[in-house]
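Start from chain A and add chain B according to the hints.
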Amino acid sequence: MSAEWPLWEVFIRSQHGLAHKHVGSLHAPDAEMAIRNARDVYTRRNEGISIWVARSADIHASSPGDRAPLFEPSNDKVYRHPTFFPMPEEVKHI
Amino acid sequence: MIDNRLLFDYVLRLADSDLVLAQRLGEWVGKGPALEEDIASTNVALDLLGQARLWLAYAGEIEARDAPPGRTEDRLAYFRDSSEFRNLLLVEQPNGNYADTLARQFLFDHWHLLTIGALTRSRDARIAAIATKAVKEVRYHVDRSSHWVVRLGDGTDESHARMQAALDALWMYTGELFAVDATERALIDAGVAADVQALEAPWQTAVRDALSEATLDVPTDQWMQGARSRGGKQGVHTEHLSHLLAEMQALPRTYPEARW
Numbered sequence: 001m002s003a004e005w006p007l008w009e010v011f012i013r014s015q016h017g018l019a020h021k022h023v024g025s026l027h028a029p030d031a032e033m034a035i036r037n038a039r040d041v042y043t044r045r046n047e048g049i050s051i052w053v054a055r056s057a058d059i060h061a062s063s064p065g066d067r068a069p070l071f072e073p074s075n076d077k078v079y080r081h082p083t084f085f086p087m088p089e090e091v092k093h094i
Numbered sequence: 001m002i003d004n005r006l007l008f009d010y011v012l013r014l015a016d017s018d019l020v021l022a023q024r025l026g027e028w029v030g031k032g033p034a035l036e037e038d039i040a041s042t043n044v045a046l047d048l049l050g051q052a053r054l055w056l057a058y059a060g061e062i063e064a065r066d067a068p069p070g071r072t073e074d075r076l077a078y079f080r081d082s083s084e085f086r087n088l089l090l091v092e093q094p095n096g097n098y099a100d101t102l103a104r105q106f107l108f109d110h111w112h113l114l115t116i117g118a119l120t121r122s123r124d125a126r127i128a129a130i131a132t133k134a135v136k137e138v139r140y141h142v143d144r145s146s147h148w149v150v151r152l153g154d155g156t157d158e159s160h161a162r163m164q165a166a167l168d169a170l171w172m173y174t175g176e177l178f179a180v181d182a183t184e185r186a187l188i189d190a191g192v193a194a195d196v197q198a199l200e201a202p203w204q205t206a207v208r209d210a211l212s213e214a215t216l217d218v219p220t221d222q223w224m225q226g227a228r229s230r231g232g233k234q235g236v237h238t239e240h241l242s243h244l245l246a247e248m249q250a251l252p253r254t255y256p257e258a259r260w
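Chains as they are written, first to last, in the working numbering: chain A, 1 to 94; chain B, 1 to 260.
No lab work stands behind these hints, which were simulated from the structure alone.
What you are looking at is a predicted structure, and each value in this text was computed from that prediction instead of being measured.
Treat the hints with caution; some may be incorrect.
When the alpha-carbon atoms are kept at most 25 Å apart in a straight line, the in silico SDA-like pairs for lysine to any residue are as follows [stated by the list, open to error]: (1) B:Lys31 / A:Leu7; (2) B:Lys136 / A:Ser50; (3) B:Lys133 / A:Ile49; (4) B:Lys136 / B:Ala118; (5) B:Lys136 / A:Leu7.
Simulated restraints on C-beta separations [what the hints assert, rightly or not]: (6) B:Thr156 / A:Ala54: 24 to 30 Å; (7) A:Gly24 / B:Glu213: 45 to 51 Å; (8) A:Pro6 / B:Tyr255: 45 to 51 Å; (9) A:Trp52 / B:Gly96: 53 to 59 Å; (10) A:Gly65 / B:Ala258: 54 to 60 Å; (11) B:Asn95 / A:Ser56: 45 to 51 Å; (12) A:Ala54 / B:Asp81: 18 to 24 Å; (13) A:Pro86 / B:Glu61: 44 to 50 Å; (14) B:Ala129 / A:Arg55: 40 to 46 Å.
For each residue, glycine too, the CB sits at the ideal point set by N, CA and C.
Bound conformation, chain A alone (with noise of 0.2 Å):
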């Protein structure tokens, strides 16, 4: 039956404030059973308070063979790294 339904890739937000982080990818038929079998299979251990999920067909990403271009010029930008200012201990999530 699996190999028929498409593959969804699915995102949780594990608490407020946090945006939703990619966990992994499941097989469902439609967007409403990707959510319902997302509940079971990735917020079994209390993990989660909002799914989001999307087609994997719809997911474009970038190409390992330009990931020089892409990535690489920003290598030895330090001055873009907020490494100079002194952050308090009780700011958290940056």
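Just chain B now, kept in the frame of chain A:
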């Protein structure tokens, strides 16, 4: 004053239906029609097993009131024979195909939600507490199995035919869900047990609504396991329960001191 023997018997009815259905669903582990479905039905099984443990532990405590120390939950689960089990006949029926499993779940879940809902108002504080904990889980079970009945009923010709056949075959066991014997009558009058007779009408409405959405026919009236006949709740079971128990109890009976 509540008779502890009646209360023990009633709590066992609640426990055993959960336990036996959990065991049935457990038979699908590793064999579900899809990995996702395998996990989903196992989640339901684990919910039911968790509820069964709470009921069994309470049954043991009730037993201890008259005959201390009373049996533990494991003792009650693994060392009673089929005639001592008090589960509904519906839940011991074999898994069959996936439509059979889901039809059984659907008929049970709707009864379970109404029963557990009524038990949240039980005068027995412990019963009310367990029911309150279980009701959220059961609400999800109802949602899931109803959804599947609609999907399969309103699906392909084959899935429709299989779901219809499953419902027709299991329908006769639904009479027992609403049968009240002397044990239950006494506890209903004491405000402890759920008055399942009063739950039949809302059950019929919920089930018929889902079947109509699923383009399925409500099975025609047939002989029902009912109040006048002794059934699962009195320990008179179909042949299927013994086979289920043989598998479930084999290990602890062979190695009574076995530990995880």
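Going through the hints against the structure:
no. : hint                           : verdict
1   : B:Lys31 / A:Leu7               : 20 Å, holds
2   : B:Lys136 / A:Ser50             : 18 Å, holds
3   : B:Lys133 / A:Ile49             : 19 Å, holds
4   : B:Lys136 / B:Ala118            : 13 Å, holds
5   : B:Lys136 / A:Leu7              : 29 Å, violated
6   : B:Thr156 / A:Ala54: 24 to 30 Å : 27 Å, holds
7   : A:Gly24 / B:Glu213: 45 to 51 Å : 32 Å, violated
8   : A:Pro6 / B:Tyr255: 45 to 51 Å  : 46 Å, holds
9   : A:Trp52 / B:Gly96: 53 to 59 Å  : 36 Å, violated
10  : A:Gly65 / B:Ala258: 54 to 60 Å : 57 Å, holds
11  : B:Asn95 / A:Ser56: 45 to 51 Å  : 32 Å, violated
12  : A:Ala54 / B:Asp81: 18 to 24 Å  : 52 Å, violated
13  : A:Pro86 / B:Glu61: 44 to 50 Å  : 58 Å, violated
14  : B:Ala129 / A:Arg55: 40 to 46 Å : 44 Å, holds
The structure shown violates the earlier hints numbered 5, 7, 9, 11, 12, 13.
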